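Peer 1: With the hints as extra help, turn the sequences into a complete structure.
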Amino acid sequence: MSNASRSVSLYHRLVVWLLFLILLLPLAATLLYSLATQWSATLLPSGLTLKWYAALWSDSRFLIAFGHSLVVCVGALLLAIFLVLPLMFVIAYHFPRLDALMNVLILLPFAVPPVVSSVGLLQLYAGGPLPLIGTPWILIGCYFTIALPFMYRAISNNLQALNVHDLMDAAHLLGASTFRAALLVVLPNLRKGLMVALFLSFSFLIGEFVFANILVGARYETLQVYLYNMRNGSGHFTSALVISYFLVVLIVTWAASGLSRDKS
Amino acid sequence: MKGKWLATLCLLPFLIFFCAFQIAPLIWIAVNSLKSLDGWGLGNFSEILGSPFYRQAMRFSLEISVWSSVLGLLIAVLGSYSLRQVDSRLRDFVTAFANMTSNFAGVPLAFAFIILLGFNGCLTLLLKQAGLIEDFNLYSKNGLILIYTYFQIPLGVLLLYPAFDALREDWREAASLLGASTWHFWRHIGLPVLTPALLGTFIILLANALGAYATVYALTTGNFNVVPVRIAALVSGDIFLDPNLASALAMLLVILMTVITFTHQWLLRRSYHVKR
Numbered sequence: 001m002s003n004a005s006r007s008v009s010l011y012h013r014l015v016v017w018l019l020f021l022i023l024l025l026p027l028a029a030t031l032l033y034s035l036a037t038q039w040s041a042t043l044l045p046s047g048l049t050l051k052w053y054a055a056l057w058s059d060s061r062f063l064i065a066f067g068h069s070l071v072v073c074v075g076a077l078l079l080a081i082f083l084v085l086p087l088m089f090v091i092a093y094h095f096p097r098l099d100a101l102m103n104v105l106i107l108l109p110f111a112v113p114p115v116v117s118s119v120g121l122l123q124l125y126a127g128g129p130l131p132l133i134g135t136p137w138i139l140i141g142c143y144f145t146i147a148l149p150f151m152y153r154a155i156s157n158n159l160q161a162l163n164v165h166d167l168m169d170a171a172h173l174l175g176a177s178t179f180r181a182a183l184l185v186v187l188p189n190l191r192k193g194l195m196v197a198l199f200l201s202f203s204f205l206i207g208e209f210v211f212a213n214i215l216v217g218a219r220y221e222t223l224q225v226y227l228y229n230m231r232n233g234s235g236h237f238t239s240a241l242v243i244s245y246f247l248v249v250l251i252v253t254w255a256a257s258g259l260s261r262d263k264s
Numbered sequence: 001m002k003g004k005w006l007a008t009l010c011l012l013p014f015l016i017f018f019c020a021f022q023i024a025p026l027i028w029i030a031v032n033s034l035k036s037l038d039g040w041g042l043g044n045f046s047e048i049l050g051s052p053f054y055r056q057a058m059r060f061s062l063e064i065s066v067w068s069s070v071l072g073l074l075i076a077v078l079g080s081y082s083l084r085q086v087d088s089r090l091r092d093f094v095t096a097f098a099n100m101t102s103n104f105a106g107v108p109l110a111f112a113f114i115i116l117l118g119f120n121g122c123l124t125l126l127l128k129q130a131g132l133i134e135d136f137n138l139y140s141k142n143g144l145i146l147i148y149t150y151f152q153i154p155l156g157v158l159l160l161y162p163a164f165d166a167l168r169e170d171w172r173e174a175a176s177l178l179g180a181s182t183w184h185f186w187r188h189i190g191l192p193v194l195t196p197a198l199l200g201t202f203i204i205l206l207a208n209a210l211g212a213y214a215t216v217y218a219l220t221t222g223n224f225n226v227v228p229v230r231i232a233a234l235v236s237g238d239i240f241l242d243p244n245l246a247s248a249l250a251m252l253l254v255i256l257m258t259v260i261t262f263t264h265q266w267l268l269r270r271s272y273h274v275k276r
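Chains A and B, in that order, are what the protein sequence lines are. Counted from 1, the first sequence has number 11 at position 11 by the UniProt record's numbering; the numbering is strictly sequential. Counted from 1, the second sequence has number 231 at position 231 by the UniProt record's numbering; the numbering is strictly sequential.
Over 10 Å on every C-beta distance to chain B, these chain A residues come out as not near it, computed from the model:
{"id": "1", "residue": "Thr37"}
{"id": "2", "residue": "Thr49"}
{"id": "3", "residue": "Asn157"}
{"id": "4", "residue": "Asp169"}
{"id": "5", "residue": "Leu184"}
{"id": "6", "residue": "Ala255"}
{"id": "7", "residue": "Leu259"}
Covered by chain A, according to a simulated footprint, are these stretches of chain B (three or more residues, beta-carbon under 8 Å):
{"id": "8", "segment": "13-20"}
{"id": "9", "segment": "23-36"}
{"id": "10", "segment": "107-120"}
{"id": "11", "segment": "144-158"}
{"id": "12", "segment": "223-235"}
{"id": "13", "segment": "238-248"}
Read the hints as simulated data drawn from the structure, not as lab findings. Note that the coordinates shown come from a computational prediction; the quantities given were computed from them, not determined experimentally. Glycine residues also receive a C-beta, built at the ideal position from the N, C-alpha and C atoms.
Peer 2: So, in structure tokens, the structure goes:
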């Protein structure tokens, strides 16, 4: 290796490490803070302890909020599976032309930020026939729209790689009904792509704050709203909360990337 | 024929939910933005555009979004280009880490930044002791640009990384055989090939920053004047509520985002690495 190319490769390694450090810095500071007995006006904490984590994980309000978040996220993902899978199958098998329309529709959750949607949602569901404001149901519906573009793209890539018509024809020849064929032949082929999409959707749904705070707030406190409401408490305690939350996200994204590596 | 009917029936539940939670709120906003105390018309819009307070919110929103997108893009370009040149173990590790930190936004990020760069943050103290800064106010416009830039970086890296596929190593060799310097290569080959991807990423980052609410709300408890904070304050604040004015402000944001999204789709179609 020549001198010039060695210095070029050193430059690239340096840039990548710098990028890593920038991304790591806030997390590392929070981790250290969550482990510190006391840390004020000095460069480093005066001692290390796990008491903030113990306090957090024995706080019933935290556990309830965590449970609420799980209920809402899992509920939204189940709803998304239930709504999107039949839709995608029908589009791939019967109406391939609708795919173009769907590709425009799934841009909507992206072009309309949650803070905008919640203006209309607050007025539409505050009373009347569907008083959903303040209940977890409205969050399940809204989180479905957030996860939709992501799930649609993942499943649609997967379906395109599969030859749905040939699979269905073969199943029909062997005497299966369309419903049986879709459930027992097409669905198992989509399982891995679907699981990856679900894990990744979960990891960002559990971090959702805007809908949860504006539409529901303290009436059904989720993890993020709880975190926000604890802002005036001890910084060490909230740091332990941030790190615990991040660990959950870490485990979920790690599982997703493990799954997608399996696939390839 | 029966199959087609059943198939159409399968579309129905999706349509109902999508309309209820996505389309209906949007229509409600569009209609009510045109309604004000003195009847139908563009009164809400002219009130917003005539008010220095809302104009300031728009200016701050745009300034923070544009600056954080430019800075985030710059760091992402340098980072993702270098990521391609290092060995695969380091690359996979840092890419996976960037993937994870892309979920590190909103309230937790605001708290992390307070610990790092708040008035008594450890980095603030470190830099003050080193004499590098006089003071740093995280809760100001510059502070917000910094924290927005942080959450733009992982997104930028993840979006730009595949775009560098378009740049083939043999072009660089061919260019240097023909006598081009590194600068010539980037000026005449590298940048033109990457331009659609760069613009597309910039636009996504811009939209991401314009709609961001959780970070700024958690950091300043809604005391910093940007458009999303104003919208939320008009429907769920505790001083005065005006859903119609909120709708008009929201419509302005939606129009801006729609233009941005369509420009992005258009650029995506022209982009080099998609066509290949």
